[in-house]
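**Student:** For chain U, the structure is supplied; the task is to place chain A on it using the hints.
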Amino acid sequence: MADPFSPEDKIAAFRAGLKNAGAMVSFTGIVRDVAAASAGGNQVTALELQHYPGFTERQISAFAQTALDRFDIQDVLIIHRVGTMVPEDPIVLVAVAAVHRRAAFEAADYLMDYLKTSAPFWKKELRGTQSIWIEPRTEDYSDKARWSLQHDTRDEN
Amino acid sequence: MMAHLLFFGQFSDIADNGEVTLPEHVTDTDALLLWLGETHDGFSVLWEKPGTMIVLNHETISEPKPIKPSDEIAFLSALSGG
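Protein chains in written order, with this note's numbering: chain U, 1209 to 1365; chain A, 592 to 673.
The hints are simulated quantities; they were obtained by calculation from the structure and are not laboratory data. Cβ atoms here follow ideal geometry from the backbone N, Cα and C, with glycine treated the same way. If a hint is listed, it holds; no wrong ones were tucked in.
Which residues of chain A face chain U? A few of them, derived with a C-beta cut under 8 Å, are:
#1 L597
#2 G600
#3 Q601
#4 S603
#5 V646
#6 L667
#7 S668
#8 L670
#9 G672
Next up, chain U with everything else stripped away, as it sits in the complex:
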């Protein structure tokens, strides 16, 4: 979505639609005001996020469906900003509902790892007069790789 959103409002609406959920986990990503140390640590004045309309949404829906198939969860909410944002703006919200907490935590973690590495987004940080394209960190890829090594949690609480 191009417009700013309130994570609190979106979480409340998501929670209101749940039935028999014993756990809800949410993660909100926020635009930082300082670039990563590896990128020089300079002040960030704005963040521009490109997406591929239609294609990006379809990829994110596929991640959500994979999470629903893999983890013992009931529902997923994913909201992602696009366009121009400023520091402290919420950029992404992931919420997961489940009967038990562990599946909800793990599914939210899984979804964020996929969003950070595999979602068709392109980020450009504006640092004063400079604009810099951002690529995922090595840690983002290693975080995602964890999921190819793990079993699912369907039988666990």
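**Tutor:** Just chain A now, with coordinates in the frame of chain U:
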């Protein structure tokens, strides 16, 4: 032949989105890559970077494909992630 070309990420710095009339010899995605390299400074260098992709009519392709009239062809630089 007309095609709809889209450029994302670093590609968007060197090429504009829009309907394009392709030369007669550009009938597949490999020929399109060569033509874009000839007509846009820096395109070929960027295409050789890791993580670049072509998406044909919203499907990622890993080998050359024929281009049909009105196809949508997107060039994606390495994803930044969300």
